[in-house]
Amino acid sequence: MNALTVIGEVLVLLGTFFYFLSALGLIRMPDVYNRMQTSTKSATLGSLGVIVGVGIWALGTDFGSAAWLTKTIVIAVFLLLTNPISAHALIRAAYKSGIPLWEGSIVDKYSEHLEAKVKAEETPEETDETGEGGEE
Amino acid sequence: MIGINVYLALIAIATLLSMYRIFRGPTTVDRIVAVDIMTTITTGLMVLFALYYQRMIFLDVALVYAILAFGGVMAFARYMEGGL
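These protein sequence lines map, in sequence, to chains Z and S.
Count the first sequence with UniProt numbering and you get residues 1 to 136, in order.
Count the second sequence with UniProt numbering and you get residues 1 to 84, in order.
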């Protein structure tokens, strides 16, 4: 039992605890947006802890080598890059397919953004009309 | 130090809670979110099994599983958006 094994076990314990917290947020939150918010963040952090922790833990054992740490860091970086992308795509699909927000939520920035975009598409036509009037 | 049974028990509890959301979820996106969390947890479980059985080949299995899960979730999202 050396120092690398202890560090790896502590990281794995923290990671599995964050897995448990993410699943708890998955059943405790009121609507799909809050569920995605809590679950994806803590599941990503938990998998970073578990995977890098296993790599460090294997360095301290007799069968482990540096290839373990390299492969686990590759998997952890891949998860860190792709988990927010899939969460973003899922939430945009949920909003565009018309799932309503929880009745207690008071901020909806995305609808304000869509309204601002619609207004920005309407105003250049008016400026074009005035521009043509100016040329005449 | 603590033992791998504690980690496996925490992962089992997390999987059971997300399976509750899969069966109970009111909308389709709820179920896809729960499946996404379950695939992330399963990737960590495969890495733990690689250490438990002392086989490095399980790490490659975990990497390919993560890539396929990402592709599946993106396909579901595009389908829900109506673009597929």
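Hints were generated in silico from the structure; no laboratory data involved.
Treat the hints with care, since some could be wrong.
Unchecked claim - With the C-beta cut set under 8 Å, the calculated list includes, among others, these residues of chain Z facing chain S:
| # | residue |
| --- | --- |
| 1 | S39 |
| 2 | S97 |
| 3 | L101 |
Ideal placement from N, C-alpha and C gives every residue a C-beta, glycine not left out.
Verification of the hints:
no.	hint	in the structure
1	S39	holds (5 Å)
2	S97	holds (5 Å)
3	L101	violated (12 Å)
When each numbered hint is compared with the structure, a violation occurs for hint 3 only.
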